[in-house]
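Peer 1: What follows is the residue order along each chain.
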Amino acid sequence: MQTRVRKITILLSGLLLLSAVVSLSGADSRAYVIRDAKVYTMGAAGVLERASVVIIDGKIAEVGVRVRTPSGARVIQGRGLEVYPGMINAMSSIGLTEVGSVDVTVDTTEMGDFKPQLRALEAVNWDSEHFPVARVNGVTASISAPSGGVIAGQAALLHLAGWTSEEMAVLKSAGMVINFPSLGGGGGRGGGGGAAPGGRGRPFAEIRREHDRRVKELAEWLEKARHYAKAVQANPSTPRDRELEALVPLVRGEMLGLMRADTARDIRNAVEFAKKENLKVAIVGGRDAVEAAGVLQKENVPVILGSVYSLPSRRDDAYDSRYAVPARLAEAGVRFALTSPSPSDTRNLPFEAGMSVAYGLSREAALKAITIRPAEILGVADRLGSIEQGKVADLVVTDGDLLEIRTQVKNVFIAGKNIPLESKHTRLYERYMSRP
Amino acid sequence: MHNLKNVALKRICCALFLAVSACAVRGIAEPSQSGGVTVIKDATVLTVSRGNIAKGSILIRDGKIAEVGPNVAVPAGATVIDAAGKFVMPGIVDPHNHIASDGGTNEGTVAVSSMVSIEETIDPTDINIYRILAGGVTTVHTMHGSANPVGGMNAVIKLRWGKDARGLLFEGAKPTLKFALGENVKRARTPARYPSTRMGTMDVIRDAFIRARGYMREWDDYRKRTAAGDKTALMPRKDRELESIAEVLRGERLAFVHGYRADEMLMAMRLAEEFGFRIRSFEHCLEGYKIANEIAAHGVFPSMLSDWWAYKVEAYEATPYTTALLTRKGATVMVHSDGAEEARHLNQEAAKAIKYGGLNEQEALALVTLNPAKALMIDHRVGSIEPGKDADLVVWSHHPLSIYAVPQTVFVDGQIYFDIEKDLEMRRQMEEERKALEAREQKSAGTPAERRRPPASAASPTNVPRHND
Numbered sequence: 001m002q003t004r005v006r007k008i009t010i011l012l013s014g015l016l017l018l019s020a021v022v023s024l025s026g027a028d029s030r031a032y033v034i035r036d037a038k039v040y041t042m043g044a045a046g047v048l049e050r051a052s053v054v055i056i057d058g059k060i061a062e063v064g065v066r067v068r069t070p071s072g073a074r075v076i077q078g079r080g081l082e083v084y085p086g087m088i089n090a091m092s093s094i095g096l097t098e099v100g101s102v103d104v105t106v107d108t109t110e111m112g113d114f115k116p117q118l119r120a121l122e123a124v125n126w127d128s129e130h131f132p133v134a135r136v137n138g139v140t141a142s143i144s145a146p147s148g149g150v151i152a153g154q155a156a157l158l159h160l161a162g163w164t165s166e167e168m169a170v171l172k173s174a175g176m177v178i179n180f181p182s183l184g185g186g187g188g189r190g191g192g193g194g195a196a197p198g199g200r201g202r203p204f205a206e207i208r209r210e211h212d213r214r215v216k217e218l219a220e221w222l223e224k225a226r227h228y229a230k231a232v233q234a235n236p237s238t239p240r241d242r243e244l245e246a247l248v249p250l251v252r253g254e255m256l257g258l259m260r261a262d263t264a265r266d267i268r269n270a271v272e273f274a275k276k277e278n279l280k281v282a283i284v285g286g287r288d289a290v291e292a293a294g295v296l297q298k299e300n301v302p303v304i305l306g307s308v309y310s311l312p313s314r315r316d317d318a319y320d321s322r323y324a325v326p327a328r329l330a331e332a333g334v335r336f337a338l339t340s341p342s343p344s345d346t347r348n349l350p351f352e353a354g355m356s357v358a359y360g361l362s363r364e365a366a367l368k369a370i371t372i373r374p375a376e377i378l379g380v381a382d383r384l385g386s387i388e389q390g391k392v393a394d395l396v397v398t399d400g401d402l403l404e405i406r407t408q409v410k411n412v413f414i415a416g417k418n419i420p421l422e423s424k425h426t427r428l429y430e431r432y433m434s435r436p
Numbered sequence: 001m002h003n004l005k006n007v008a009l010k011r012i013c014c015a016l017f018l019a020v021s022a023c024a025v026r027g028i029a030e031p032s033q034s035g036g037v038t039v040i041k042d043a044t045v046l047t048v049s050r051g052n053i054a055k056g057s058i059l060i061r062d063g064k065i066a067e068v069g070p071n072v073a074v075p076a077g078a079t080v081i082d083a084a085g086k087f088v089m090p091g092i093v094d095p096h097n098h099i100a101s102d103g104g105t106n107e108g109t110v111a112v113s114s115m116v117s118i119e120e121t122i123d124p125t126d127i128n129i130y131r132i133l134a135g136g137v138t139t140v141h142t143m144h145g146s147a148n149p150v151g152g153m154n155a156v157i158k159l160r161w162g163k164d165a166r167g168l169l170f171e172g173a174k175p176t177l178k179f180a181l182g183e184n185v186k187r188a189r190t191p192a193r194y195p196s197t198r199m200g201t202m203d204v205i206r207d208a209f210i211r212a213r214g215y216m217r218e219w220d221d222y223r224k225r226t227a228a229g230d231k232t233a234l235m236p237r238k239d240r241e242l243e244s245i246a247e248v249l250r251g252e253r254l255a256f257v258h259g260y261r262a263d264e265m266l267m268a269m270r271l272a273e274e275f276g277f278r279i280r281s282f283e284h285c286l287e288g289y290k291i292a293n294e295i296a297a298h299g300v301f302p303s304m305l306s307d308w309w310a311y312k313v314e315a316y317e318a319t320p321y322t323t324a325l326l327t328r329k330g331a332t333v334m335v336h337s338d339g340a341e342e343a344r345h346l347n348q349e350a351a352k353a354i355k356y357g358g359l360n361e362q363e364a365l366a367l368v369t370l371n372p373a374k375a376l377m378i379d380h381r382v383g384s385i386e387p388g389k390d391a392d393l394v395v396w397s398h399h400p401l402s403i404y405a406v407p408q409t410v411f412v413d414g415q416i417y418f419d420i421e422k423d424l425e426m427r428r429q430m431e432e433e434r435k436a437l438e439a440r441e442q443k444s445a446g447t448p449a450e451r452r453r454p455p456a457s458a459a460s461p462t463n464v465p466r467h468n469d
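Sequence lines, in order, name chains A and B.
All residue numbers for the first sequence refer to our numbering, where the first residue is 1 and numbers rise by one.
All residue numbers for the second sequence refer to our numbering, where the first residue is 1 and numbers rise by one.
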């Protein structure tokens, strides 16, 4: 009797596993049609009323008012629903951090100040509970970035679903995280000021000296990498140097520099540094970017903004100064992406955009700042960020305005897979709702 | 009408200026404008307790709501605020924050710190008072921290920005005492401090109540003897530590207990029952959904963080559905901020209980208005729009449960303490003043303007969780 029960259990769990494989496997070739929905393409086609989206083999096969339905395709009735590109969170440490206060679950910060060879992807815990929680609200891709020292290492761009981190990787190396040495007043680490211990109350001249030394060191690393690249080109048997090797794509302008800087002065210094060193960069954080908008616009350097849900940093700043940063940057012609940088808050990315609209940003610009803009800044706009033929089928289907809190997410597609809208949170809710 | 509004603003501005000057001279703020009559006209009125009025008006007299309804007559001489197309809701009551506490949130050196009081150290100049006001909050329960099993006494304040410390206190609010369970209490400290386990935490709390009961007996005995004419009775020593705990036992002070895990909260309820009192509120209450039946039976008002989770182990089982779940299981639930930033959008945090678990609009709004007012026993004064209640009101640009809603005007006791146009005007004035000062200094010294910019008060790292409680 017992063995029979066990056999049935095994059979059942096997079936369950099988269905899970079908719904999540990388080889899901199922075709879907979302019919008669309002489609925010975020591309040249703009907003399409009563349009359909066809998904085949993980890609968007067709978008339009009249589409061809492939035979055997699953149809999602989209009347009254809205379809948006899956949201992209351009800064986070998701997958590297599980429980913030427990060191052993946090893999963001390595020892040492210059660690360009470190790769976030190699430490991503793909079973992190943060992934399902984030994706069921329509965030389909996120940066996962290290954060320590001056050169922290390489960030990865991840799809928020997959069996392994390799399957999840959109870009194994999406950028080099550089905490640009700060002159204080908050912002990047490594400059001796701001958040660094003992930074307050130190003479400015001392902070400046340390800052200059750090910037010089950083420049020297880049210079060494250029020499290394030349040496390897001239002589392929040059002994391998992991650190310099990792910096080569950066100095060649092939890899994005994710330069963390928050004060206006630090932002200006970082932009000047990048120009001098011929790097392709985005400013990360950008707390006081409005004050440095001139140089950002002129040098066409985009900003990956920290959370707008922040208090003003100075007592005499306007109460809404942080909420209004996106609107101000848009007015100044600075390109930017909005983020929800804390992994556990990833699901709140649409609300970062909504809050920006409440304080002056246009709704269209806000939607772009969580879809096509981050895709452009991260160099994946050919694949992600809009609903256009040939792009990866990352989509979110809602019953209303994506940026409104009350809106319910109806479907999430990641690389064409129809993701179950389940997370640790829905499971606990269902379990305890059913307690008599 | 606009003109009238501006006149009113100017008057209030003058009054505030006078109040602040008076404050500087005598240390006491003058009550101002208490006799004014104002009508907020033609708004969608969200009363919270009695449904919505599509095109309603509110008559404010002597700082109180005098009348609410679709047909309110405008008395002669009243200031009229045209709120057509806008939404009015009761001022938000934040049941758990730490603003205006002069940074002294935790007296963490002792395990039982029930002798200290936030009320005695209110900082009325904390700029966060104004920032939160601009988010539609009018009443705040500003609390002692969670470092000790028995924490300090808290304060209920109204955000009468510009008044002195005494002027902020919510007159006649029921006193409260903070308790705490779990990680924040047992965390390793230098020097080491008992307790360092959840067992020890329960032991310290139980011991405190046993001592307080003994202390009460001493006093009861003394009073009985003196009442009987016994001249030999010696007056017991006043004990500040046990006094506030004794008040909890006598039902004169409400117990607000910081708790995350279901097991520790369940044990705390049993301990309270052992001593014959009821826990008023669990603060954060992240695993409250696991003991919903017990919470409802005990009569706790759970005080929730809307959707925070995973910032520590005891927050790893949190879900954003808890607010709705506990409401459905019969508890009166509130949503709190625990910080100056979160407090600025409690309307949005309330909306999350619609998204996660499907509360209706009125239930969601009550989470940050009427329910916290009930928990703090100030619902006869605030928390809903009803005649006789304090005119603590917020005029919003959109429905307050929309992400696009921005507070336009905020009233406390019928007076405008925040107005978005006035704020913009003050910004312009400040900018002019800054420019003038910089120009003057440039003439004399010629240093770059940037160097004179004061540094930010604190760095705000963007890649770490914003949660730290």
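Derived from the structure by calculation, the hints contain no laboratory data.
On a predicted model such as this, the values are computed, not experimentally measured, just so you know.
Among the clues, some could well be false.
Claimed, not checked - Counterexamples of contact, computed for chain A against chain B with all Cβ distances above 12 Å: (1) VAL99; (2) THR238; (3) ARG315; (4) ALA353; (5) GLY360.
Said to hold, decoys possible - Cross-link-like lysine-lysine pairs, in silico, DSS-like; alpha carbons within 30 Å at most: (6) A:LYS280 / A:LYS224; (7) B:LYS86 / A:LYS424; (8) A:LYS280 / A:LYS216; (9) B:LYS86 / B:LYS435; (10) B:LYS186 / A:LYS410; (11) A:LYS216 / A:LYS230; (12) A:LYS280 / A:LYS298; (13) B:LYS174 / A:LYS298; (14) B:LYS174 / B:LYS86; (15) B:LYS238 / A:LYS38; (16) B:LYS41 / B:LYS55; (17) B:LYS55 / A:LYS424; (18) A:LYS275 / A:LYS298.
The beta-carbon is built from N, C-alpha and C at its ideal position, and this holds for glycine as well.
Peer 1: Look at each hint and say if it fits the structure.
Peer 2: Hints, verified against the model:
Distance check on VAL99 (chain A): its Cβ comes as close as 6 Å (rounded) to a Cβ of chain B, failing to clear the 12 Å threshold; non-interface status is violated. No beta-carbon of chain B comes within 12 Å of the beta-carbon of THR238 (chain A); the shortest separation is about 35 Å. In this structure ARG315 (chain A) is not separated from chain B by more than 12 Å, as the shortest Cβ-Cβ distance comes to only about 5 Å. Distance check on ALA353 (chain A): its Cβ comes as close as 9 Å (rounded) to a Cβ of chain B, failing to clear the 12 Å threshold; non-interface status is violated.
Remark: the non-interface label on GLY360 (chain A) conflicts with the geometry, its nearest Cβ contact in chain B lying 10 Å away (cut-off 12 Å). Of the pairs offered as hints, the one joining LYS280 (chain A) and LYS224 (chain A) holds, with about 18 Å between alpha carbons and a cut-off of 30 Å not exceeded. About 39 Å separates the Cα atoms of LYS86 (chain B) and LYS424 (chain A), which puts this hinted pair outside 30 Å; it is violated. Straight-line distance between C-alpha atoms of LYS280 (chain A) and LYS216 (chain A) comes to about 19 Å, which keeps the hinted pair within the 30 Å bound.
For the given pair, LYS86 (chain B) sits about 36 Å from LYS435 (chain B) by alpha-carbon distance, which is inconsistent with the 30 Å threshold. Under the criterion of a C-alpha separation no larger than 30 Å, the hint pairing LYS186 (chain B) with LYS410 (chain A) is inconsistent with the structure, at around 42 Å. With a C-alpha separation of about 21 Å, the suggested pair LYS216 (chain A) and LYS230 (chain A) falls inside the 30 Å cut-off, and the hint holds. Of the pairs offered as hints, the one joining LYS280 (chain A) and LYS298 (chain A) holds, with about 14 Å between alpha carbons and a cut-off of 30 Å not exceeded.
Restraint check: the Cα-Cα separation between LYS174 (chain B) and LYS298 (chain A) comes to about 58 Å, which exceeds 30 Å; the hinted pair is violated. Restraint check for LYS174 (chain B) and LYS86 (chain B): the C-alpha separation of about 34 Å exceeds 30 Å, so the hint is violated. Simply put, LYS238 (chain B) and LYS38 (chain A) have alpha-carbon atoms about 71 Å apart, too far for the 30 Å limit, and the pair is violated. Straight-line distance between C-alpha atoms of LYS41 (chain B) and LYS55 (chain B) comes to about 8 Å, which keeps the hinted pair within the 30 Å bound.
The suggested pairing of LYS55 (chain B) with LYS424 (chain A) is violated, with an alpha-carbon distance near 43 Å, which exceeds 30 Å. Annotation: proposed proximity of LYS275 (chain A) to LYS298 (chain A) holds, straight-line Cα distance about 11 Å (limit 30 Å).
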